[in-house]
Each structure stands twice: as C-alpha cells, then as structure tokens.
Amino acid sequence: MSDEIIIAAEPRAEFGKGFARRLRAAGKVPGVIYSSFLDTPIHFAASRIDIHALLRNHGTNAVFELDIEGDKHLVMVKHVDQNVITLNADHIDLLAIKRGEKVEVDVPVVFEGEPTPGTMLVQDSDTVLVEADVLSIPEEITFNIEGLDVDSKVTAADLVLPAKVTLVADPETVLATINREAVVEEEPAEEAAAADEDSESEAE
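So for the sequence shown, the working numbering puts the first residue at 1; every next one is plus one.
By construction, these hints were calculated from the structure, which means they are not laboratory data.
The beta carbon of each residue, even a glycine, is placed where N, CA and C say it ideally should be.
Mixed in with the good hints there might be a few duds.
What follows is a set of in silico ranges between Cβ atoms, one per label pair, in the way DEER data are often shown [to be verified]:
#, residue 1, residue 2, range
1, Ala157, Gly16, 45 to 51 Å
2, Glu131, Gly18, 36 to 42 Å
3, Pro171, Arg99, 25 to 31 Å
4, Asp93, Leu167, 40 to 46 Å
Straight-line C-alpha distance at most 25 Å; calculated DSS-like pairs for lysine-lysine [as the list claims (entries may be wrong)]:
#, residue 1, residue 2
5, Lys102, Lys72
6, Lys98, Lys78
7, Lys164, Lys78
8, Lys72, Lys98
9, Lys164, Lys98
10, Lys98, Lys17
11, Lys102, Lys78
12, Lys164, Lys102
Given the sequences, and given the hints that come with them, work out the whole structure.
Here it is in structure tokens:
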C-alpha cells in the first residue's frame, strides 16, 4: 500500500434485508469488519462510489483505513457480494489487520507477450496463493510468455515474486500451458457445392 487510502463510513446499528435494501437505495454499501482481535464484529455502511472506486483501482486484496466517525481501522477486503444484474457491491466483509502482520492471499496472475506462432496460451489458474506483509500485497504478478513453444508449462515456481512476498502454493502447480492452435480444415469448394445440391434435391 504505497499510498494511504482512507474511506469514511458510518456505524450501523440496524440489520436485516429491509434495512440493507434501504441503505443500497441511498447509495451505500453495508459491511462488517471481522478479526480475531476484535471483541465483536463491527457493522458499518460506506458510500457505494467509494467502495467501487477502491475495488476498481486497488483490486480485491485492497488494504485501506476505514474511518467510522473518527474510529479508524486498518482493514483489507475479505469478501464482496456482487449483484448479478447491476454488478454493484451489495455487501462487503473486511478483515481488521495490524501493521507488520503477514497474511495469505490469492493474487491474480497476468501473462504478457505472445508464444510462438501457431500456439496459444491456456491459463489453468487465474491466481496464486502467496504470503505477504499486509502493506506489501501485490495487485498482480506478471509473467512473460514471449516466444514459449508448444507444450511449455508455467508453474508457480517460475514466478518472480516481489520483495516481502513468498510462495504458499505448491511450486509445481501448473498456472498455464502453451498448446498448439486448433486447425479447422475447410471443406473443398467442389465438395461443398455438391453437398448443397444434394440437400436441395432431397428437399424437393
């Protein structure tokens, strides 16, 4: 977390689907903060615009400070319930964390470049499990597949991880494979024309 992110929120004392619907109608997202060091979960509501901007700009592993009327909590996104029709965030669960703490997170893997001509990338996994300092969680991990030949495999062990990040996933986990492109054989024009004539004859 190179830049400090702060999102303002308000405490939430009412619960239930009806109250949650009213919050969403008012442009807010209900949420809960969980943690092993909190006596009880903390319920809050935050601006939908702020939550969507957070997820869009910093991803689902975002770490930020939630300010509930002056009561500040360092948190990271744990889970987001998304509306299947509007794609809006309907509810968000956060995990309270401490500076210096390490957490296990699934980080997106992004492949760059092009394999050799006539081949294609088949991605077996979109993410890889790593352990990172809460303030050093990468938004994504990239791997260059430029020039890789058919049957090449990219495993978790092949990734170059940022500083303060260690691999938790099995190093032999296959993340992607380079396969030969499927070739669709075109039917010769004469055979295609003959087949069309036969079909017309049968129809008559």
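Hint numbers not upheld by this structure, sorted from lowest to highest: Violated: hints 4, 10.
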